[in-house]
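Trainee: Listed below are the residues making up each chain.
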Amino acid sequence: MHISFSDFAQIGQFEWKIDKHFYPKMNVPVILFANEKMLKDCLQDRSIEQAIHAACLPGVVEKVCVMPDMHQGYGFPIGGVAATSVENGVIVPGAIGYDINCGVRLLSSEINYDAIAPFLEKILIEINAACPSGVGKGGRFNISKKDLEEVCLKGVKWARKNALMGDNEHFAIEDQGMISPEGLEGISKKAFDRGKPQLGSLGAGNHFIEIDIIESVVDKEAARTFGLNEGNIAIQIHSGSRGFGHQVCTDFVRMFNDNANTNKYCLPDRELAYAPLDSNLGKKYLSSMQAAANFAFVNRQLLAFAVRESFYSNLDKHVIPSELITVYDLAHNIGKIESFIVEGKAQEVFIHRKGATRSLGPGNASLPDAYKDTGQPVLVPGSMGTSSWILSGTNLAAEKSLNSCCHGAGRVLSRSKARKKIDSEQVLDQMREKGILVLSGSKQLLSEEAPQAYKEVSDVVDIIDSVGIAKKVAKLSPIAVVKG
Amino acid sequence: MNLFPETTGFYEVNHTADVAIAVTGECIESLFIQSLKGLEHIICVQRHEVIKRQSKMAIYANSYESLLVAFLNETLVLLEKETWLVCDQLKIGKGQLELTYDLFRCSKYGSEVKAVTYNMMDIIEHQGMYSTMIVFDV
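Chains A and B, in that order, are what the protein sequence lines are. This note's numbering applies: residue 5 is where the first sequence begins, and numbers increase by one. This note's numbering applies: residue 147 is where the second sequence begins, and numbers increase by one.
Bound conformation, chain B alone:
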């Protein structure tokens, strides 16, 4: 049984203590964008006015999994300041993620996500599609 969405997207998966999503993207960048959308969905982010346009972020790690965890954790740190990022451009190279984004003031009314975990995370490529599970600590 395929646990992951067959096309680009995400859905919530049962997890007793925490919150999990299954994510699929048509390329590695798309997987990262869908993961961010999944997190945004869980937190129920409500965007308000834009604070800063065309900000840049670079993250370095030695695996796609570490890049994804670090990327999503960066967004949680921004969320602690009641801000949310919307990706404009995202580029992933070997051990590196470069992001251009707009930063919005935001509020939230969904789950209180505290951290992004490595639990069950394994980015797999199958027939050109990239998929993974992500478990969030809530």
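If we strip away everything but chain A, and leave its shape as in the complex, we get:
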């Protein structure tokens, strides 16, 4: 498929459209949020082609959206959002991803830099020890198979029952940290075996726990509502469903491919294998994916628990108000049923978000009371050593972007190029010069995850804010990070 810059119609300062007549099998247009340079950069890899393939899915409605942090994924672009009809649409594991409910949790505090500075290194070392990182690394919580099943069925309710979270903390989690699966029959023994020892672990790749300072506040009212005060410490936790989610996705992509072979579906990419939402296979995947999403919510809860322990054991709460409060926890690899106005009619659709977050505006019924006036917090971490942004969801997102927003900075360099071009020791020097403590189990990872390998997150956020699908609230600067 040949795609050039001239194939895009510019429909806004940072909005571009590929009409559904561009490619014969497209059912809906592709809408891209980007500046001209980002768009041209994207034409260097397969991300646009992958978005066009998504626009060809059976039962896809309205449009396929691609966020400014887009880059090539496997089958479906990172930063991509696609909605399919609940009545006659399909479900696509590859459009949700292997790390089901990979997401970010933000914790706020009343601690300032001066108060934490003497303890920072010790706290970071303790967090690193308490939140094991690396592929396959087990967590510190030795849970039974029965516990794991309860995690899958009840999400963070399991953590509440076991005194691992606050009474009202679940209100600050997307879907209150629990999606109700119909059953666990679709989940393989291998997925349970892989997941059981890994609850409460960070994982690898771009996963991290980062201690930040709230550098500046743009929207004072929203920041106050979110509990974000300039100069105070905040913590971001980026992790997902670990080997459990990966095994669920692996099992179902295989079953969906077998199904495609049997039914002779013509797939543009095997990773886009799908099943009708109302089929047995589709329903089984949906339940299993929801169970993995619950696993991820609990995983981030346990990581937050470990972070709190490290803070509380080092900071005397009588001297420093050291409480860490969950501002929000949201998914950026997920599929769920949401209501939309499609072709002028309110209807339920199945939203696939891969490398994209939800962005609900003020007044939305799904929001907790605390955020009804502001819209939901949208968490946009930058690359290692750079700023992150906290945004608030808007109602314009329902109209423009399927209630969705970007999830991060987005890669520009492939991992192999990053390894060749960027020296890990130089990355560490850069971090030291900026006064950022870094703990990482892998030198190679430091090169792959270096800031130069990513887009500038502020450019991404400027586009989002300008288009109006989320608004800037506060900017965070890192002071210490544990890399997965």
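Hints may be right or wrong, so weigh each one.
Said to hold, decoys possible - Each computed DSSO-like pair below joins lysine-lysine, with the alpha-carbon atoms no more than 27 Å apart:
1) K447/A with K198/B
2) K193/A with K198/B
3) K447/A with K183/B
4) K193/A with K287/A
5) K254/B with K421/A
6) K161/A with K194/A
7) K376/A with K161/A
8) K424/A with K254/B
9) K200/A with K198/B
10) K424/A with K41/A
11) K425/A with K254/B
12) K126/A with K165/A
13) K340/A with K161/A
14) K421/A with K44/A
15) K425/A with K438/A
16) K200/A with K254/B
17) K165/A with K198/B
18) K349/A with K240/B
19) K237/B with K424/A
20) K240/B with K268/A
21) K183/B with K198/B
22) K194/A with K254/B
23) K202/B with K165/A
24) K425/A with K183/B
25) K183/B with K194/A
26) K254/B with K193/A
27) K194/A with K202/B
28) K202/B with K193/A
29) K227/B with K150/A
As the list claims (entries may be wrong) - Some chain B residues near chain A, calculated using beta-carbon distances under 10 Å:
30) S209
31) S212
32) Y264
Read the hints as simulated data drawn from the structure, not as lab findings. Remember, it's a predicted structure, so these values are computed and weren't measured experimentally. Glycine included, each C-beta is placed from N, C-alpha and C at the ideal position.
Dock chain B against the given chain A, drawing on the hints supplied.
Mentor: For chain B alone, kept in the frame of chain A given last:
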């Protein structure tokens, strides 16, 4: 332009978010062995002492692609237990892979591969050589 190695082997291909390899084998079994070597190269596996000799594994799937994905994913599951397999014998029949292998304790210092994907995977036979791309989720 041929994207694949002309002789038996593999090399890394650029992929923005993940890691990809192009692999060629002189027969389907050789393609599978080279794919395993490619994965081992990406992960930078360092083998230590042998734990078990002559273990057996059987995998069933209805296409070569599904067999290859399942086979490589099995090795990732073993890797989570800090073990690595070295193929002794590998036989592929219709919808079935049979493997005899030695299992080693191992450590790793390369990319953290989380899953093997079907993305861009298409096993093709050309003039007696088998080739495919493999994209790993990292």
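Trainee: When you check the alpha-carbon spacing of K425/A and K183/B, does it fall within 27 Å?
Mentor: It holds: about 25 Å lies between the C-alpha atoms, which stays within 27 Å.
Trainee: Are K227/B and K150/A close enough, with their CA atoms no more than 27 Å apart?
Mentor: holds, 22 Å
Trainee: Check whether the Cα positions of K425/A and K254/B lie no farther apart than 27 Å.
Mentor: holds, 22 Å
Trainee: For the pair supplied as a hint, K349/A and K240/B, confirm whether the alpha-carbon distance does not exceed 27 Å.
Mentor: Distance of about 50 Å is beyond 27 Å: violated.
Trainee: Can you confirm whether the C-alpha distance between K202/B and K193/A stays at or below 27 Å?
Mentor: Within the cut-off at roughly 19 Å; holds.
Trainee: May I ask you to test the interface hint for S209/B with respect to chain A, counting a Cβ-Cβ separation under 10 Å as satisfied?
Mentor: Hint holds; S209/B Cβ to chain A Cβ min 6 Å, cut 10 Å.
Trainee: For a C-alpha distance cap of 27 Å, please report whether K126/A and K165/A respect it.
Mentor: Distance of about 30 Å is beyond 27 Å: violated.
Trainee: Hint check: K424/A vs K254/B, CA-CA at most 27 Å. Holds or violated?
Mentor: Between K424/A and K254/B the Cα gap is close to 19 Å, so the pair holds against 27 Å.
Trainee: For the pair supplied as a hint, K200/A and K198/B, confirm whether the alpha-carbon distance does not exceed 27 Å.
Mentor: holds, 25 Å
Trainee: Next pair to validate is K340/A with K161/A; report whether the Cα-Cα distance is within 27 Å.
Mentor: Roughly 20 Å separates the two Cα atoms, so the pair holds.
Trainee: Does K194/A sit within 27 Å of K161/A, going by the straight-line distance between their CA atoms?
Mentor: holds, 24 Å
Trainee: Is K237/B within 27 Å of K424/A, Cα to Cα?
Mentor: violated, 37 Å
Of the hints listed earlier, those the structure fails to meet are numbers 1, 12, 17, 18, 19, 23, in rising order.
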